Amino acid sequence: MSKPDYVQIVEEMFTKTKDKPTKEFTYLGKHVVRWDAISKITGKPLFTADMINLFKNAVFVHSVRSKYAHAKIKKIDYSEALKYPGVLKVITARDIPGINDVGYVLPDQPLLADRKVRFIGDTVALIVAESLENARDAGELVNVDYEPLPVYTDVLQVMDLNGLTEKEHVLIHDERGSDVLSRYKIRVGDVEKAFKEASVVVENKYRTPMQEHAYLEPEAAIAIPEPDGSVTIYAKTQCPFDTRKAVSNVLGLPFNMVRVVAPALGGGFGGAEDVGNEIAAKAALAALALKRTAVVLHTREESIIGHTKRHPMVAKYRHAASKDGTLLAVDADIVLDTGAYASLGPFVGWRAVVHSTGPYKVRNARVDLAVVYTNRVPAGAFRGFGNPQVTFAVERQMDLLAEELGMDPVEFRLKNILRNGDRTVHGQLLDHGVGLEDAIKRALEISGWSEKRKLYSTLKGPARRGIGIALMYHGNSIGAEGADFSTVSLIIQRDGSIIFRTGLTDMGQGSLQGLVNIAAEILGVPPSYFKIEPPDTAATPDAGPTVASRSTAMGGNATLVAAYKIRQRLNKLAAEMLGCVSPEDVVIEAPKVYCKDQPDHHITWKELIEQTFWKGIPIQEFGYYRAPPAEWHEETGTGQPYFTYTFGAVVSDVEVDIETGLTKVVEATVVYDIGRVVNRTGAEHHGVGGYIQGMGYALMEDTVHSENGHVYSTSFSTYHIPTGLDIPERINVDFVEAGFIRGPFGAKGLGEPSIVAIAPSIVNAIAHAIGSKQANRLLNRIPATPDFVRGVLKRAGLAR
Amino acid sequence: MSFKVNLKVNGKEHVLEVPAHERLVDTLRYRLGLTSVKEGCGRGECGTCIVLVNGLPRHSCLTLTATLDGAEVLTLEGLAPEGKLHAIQLAYLETRGVQCGFCTPGFMMMTKALLDTHPEPHQEQVKEWLSSVLCRCGSYHYYFAAAKLAAKYIKEGKIYFDEKQVREKYHMKVIGR
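Chains as they are written, first to last, in our numbering: chain A, 1 to 800; chain B, 1 to 177.
In short, the hints are calculated from the structure, not lab data.
If you're wondering where the values come from, they're calculated on a predicted model, not measured in any experiment.
Beta carbons are placed, not taken as given, at the ideal position from N, Cα and C, and that holds for glycine.
Do not take every clue at face value.
Below are the DSS-like pairs computed for lysine-lysine, each with C-alpha atoms no more than 30 Å apart in a straight line [what the hints assert, rightly or not]: (1) A:K44 x B:K173; (2) B:K127 x A:K44; (3) A:K23 x B:K148.
Interface residues of chain A toward chain B, partial, derived using beta-carbon atoms under 7 Å [claimed, not checked]: (4) H31; (5) V33; (6) G43; (7) F55; (8) P527; (9) S528; (10) I532; (11) I692.
Next comes chain A alone, as it looks inside the complex (with noise of 0.2 Å):
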């Protein structure tokens, strides 16, 4: 079967540059201006709140949400809250014309509680009111007859570790007849018989914590009702596609009835999937019953108990080496706690279990995973999406192998990892562009790892110093997750302006100016040229959602696409006009445009596209890209999960307090090898950015659950994240850039990557640090707080 257009244009354009040093193009990794920047210091932008100006008369939608984490509804009667001065309607369940469901993967999770309540964020009724205030004020005289059940908010209460059975207990999904969400496995190899022959076996248990997101801008949605009887809403949603499809399915309306737009965001980080597509459905049930414009908007603490967070996670992991250093087999069974619903779970799980063995080559692995309901918050996407959970692990493990064997930690991953014409452990054969190697030596040379690591051991006193290394692998985009594609709209205006528009969204990071970037190296015009539109459901092409690192591979390649057949097509026109030879010798440098060998004979950009206009040439494209196929089997896990992936080395260098625990990070290195770096300034904000919140979940953030099931950090100041003053002095970031025949100039995506090894490093360089043999095999569990250390140094003896 011959390739698609758009994948011979990619790999077309790959072959042509790929000797080209990033340095020799005029946008393409460069340090571009964003096309925001102007706007955002001026805080013009509107972010979905700040809408609200612009509607009178709308009405506010508060959600009543449960009292308790597990319980069966018997009776809602909220007669007294429709007596409530300004009170217009409460909606439950019965009211939901479409079907009463938003689970993203699967329909385990009713918009409004019906039959009962799985955890304390659930909502049994909507309030709509004049104003947000009455409306919730009058949600505390919603009267619910709940029977409560017993809380699982630990998910051992509901999984045994040992061999991941279900445990006897009160069924949080009743209907599903198991709490175990889904499970996936890897079998390569005879894991036994290298456990034998192996010299060295390290086994621990290892915990991570439940990340909040806390994005600074609290969720927000307004839903307007149309005429026509279809529903516009702007929302705080990182994929206006699903959102739409989720609210279609409530309100029973086809998807060109509802157009969901998505204003400025601040912030995402996964965690604004769900959540957008649950308060565009409450403000558009509303709207629809009221003929009011209808604003749903979520304090703080709503936020945290009304959006998914980060899986946590228990595993157990044993890992086996020969007395050379040669990494022999992987033996693992992983616990993930997806909270009271699915949400994307099953794909976190998957996620996880492909990435279980890390970037090392592994020939023998058992590895069983299994996603569990909890009565917790939901668990999601979250940066990372089940990677940095076993990727601590494992290279915690890594570094326990290293101190066994006697090994430098380096030198003992050096003799391991993957490079080009290595299989991963799913027996995909990596052929090109792994650059982990080059990102290992950069990272050592700019960190000053030999000296540090050496001169730090020598230290004692209460304020020690050390330096530990994470390597990472992430797959790109989502795999044999779904249908892999993405789109953009390119249209040239008559004046040469262009507009650019696509239905992946830009939450803070940036990825669009890297789409435009690309756009203007191929068609030869500034970016300044270009004008970003926001995500539209009526206005652009299904683009599929905005996750997985996939905005700079998959939207780079639909815009490379684009861009490509626009060039092709003026390429004719201008050799026409000028007299080229042939149309490759078409030089566009808006606003000039003349044949390569004719520099001083030029006609301008906007005498070219006028004339296309005369001549019936086509000047705007949807460009189109679909991954290519991945592959996955089941029974032993193997097959190519993904297309290709980021490679990454981190370290970092702590000062550890011996006698309080306090971990500080003093400086931090990052090297991604991201294939070619396509926007400069983004690619630098996530290495540094990815890493400060990776400090975050290494050591201060974790969503503390109270045996009954409620959530007691639900503000900054219980639920902390890194502030201005515990950040490292330095964070140097630097990138390799090895290539992928199928990248947008062989980009690959760092959004996801930039967090997945920042805890380990961490956790290992307090090993380091604390140089206790029994304290390094403690050091189990994110996050790394000053208590926990402070453990860890008391169970070793070294501290009283």
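Given chain A, work out where chain B should sit, using these hints.
Frame of chain A; chain B shown alone:
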């Protein structure tokens, strides 16, 4: 019960009738349309709502408008005259730290408060003052650099810049190395 409040906001006098419980953040955002003032937590923890009240930084989410009779309030919208950009804004642009932009107004107002009281702040002062605002994208290092660059501009007497010229020079242009 409502109160009559004389409030000067960004140099403009307003006479407002506000209920006793109305927060300054709501007055600014919803009565006056000054939506650079954000609400990220409503509890004085995130700093995105910080504005200057009589020259000092205040969490507008913790301030009741009724208590501000006769006060002067400055928000990002009033940092520079119409058509101009303040040195702080230019510095934030040039140090290229802006990501989602939700916390940026709070950072810039805190920078204004810092530089009004400490025209030549040292690194520790910059960190201490700007740590009043949270940024989840992780732009802290960039914003610290911006505060220092702004201090330099102001010291050199460069306080306002023509917005149109800045746009021509910077909008989607390649800067730095």
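Exercise. Measuring from the C-beta of F55 of chain A to each C-beta in chain B, is the shortest one below 7 Å?
Worked result: Violated - the Cβ of F55 of chain A stays beyond 7 Å from chain B, reaching only about 12 Å at its closest.
Problem set entry | Pairwise hint evaluation, K44 of chain A against K127 of chain B, where the allowed Cα distance is 30 Å at most | Judged against 30 Å, a Cα distance of about 26 Å means the pair holds.
Exercise. With 7 Å as the cut and Cβ atoms as the points, is I532 of chain A at the interface with chain B?
Worked result: At about 9 Å, which exceeds the 7 Å cut-off, the nearest Cβ of chain B leaves the hint on I532 of chain A violated.
Problem set entry | Per-residue hint verdict: S528 of chain A, partner chain B, C-beta under 7 Å | Holds, about 4 Å.
Exercise. For the hint on P527 of chain A, does the least C-beta distance to chain B fall short of 7 Å?
Worked result: holds (4 Å)
Exercise. Given the proposed pairing of K44 of chain A with K173 of chain B, does the C-alpha separation stay at or below 30 Å?
Worked result: This hinted pair holds, its Cα atoms lying about 20 Å apart.
For this session: Would you settle whether the hint for I692 of chain A is holds or violated, based on the nearest Cβ-Cβ distance to chain B being less than 7 Å?
Result: holds (4 Å)
Exercise. Holds or violated: are the alpha carbons of K23 of chain A and K148 of chain B at most 30 Å from each other?
Worked result: Satisfied, since the Cα-Cα distance of roughly 29 Å is no more than 30 Å.
For this session: Identify whether the interface hint at V33 of chain A stands, where standing means a beta carbon of chain B within less than 7 Å of its own.
Result: holds (5 Å)
Exercise. Can we keep the G43 of chain A interface hint, with Cβ of chain B closer than 7 Å?
Worked result: G43 of chain A check passes; min Cβ-Cβ to chain B is 2 Å, inside 7 Å.
Exercise. Is the interface hint for H31 of chain A satisfied, with its Cβ closer than 7 Å to some Cβ of chain B?
Worked result: For H31 of chain A, the interface hint holds, since the closest Cβ of chain B sits about 4 Å away, which is under 7 Å.
Comparing the model with each numbered hint stated earlier shows that hints 7, 10 do not hold.
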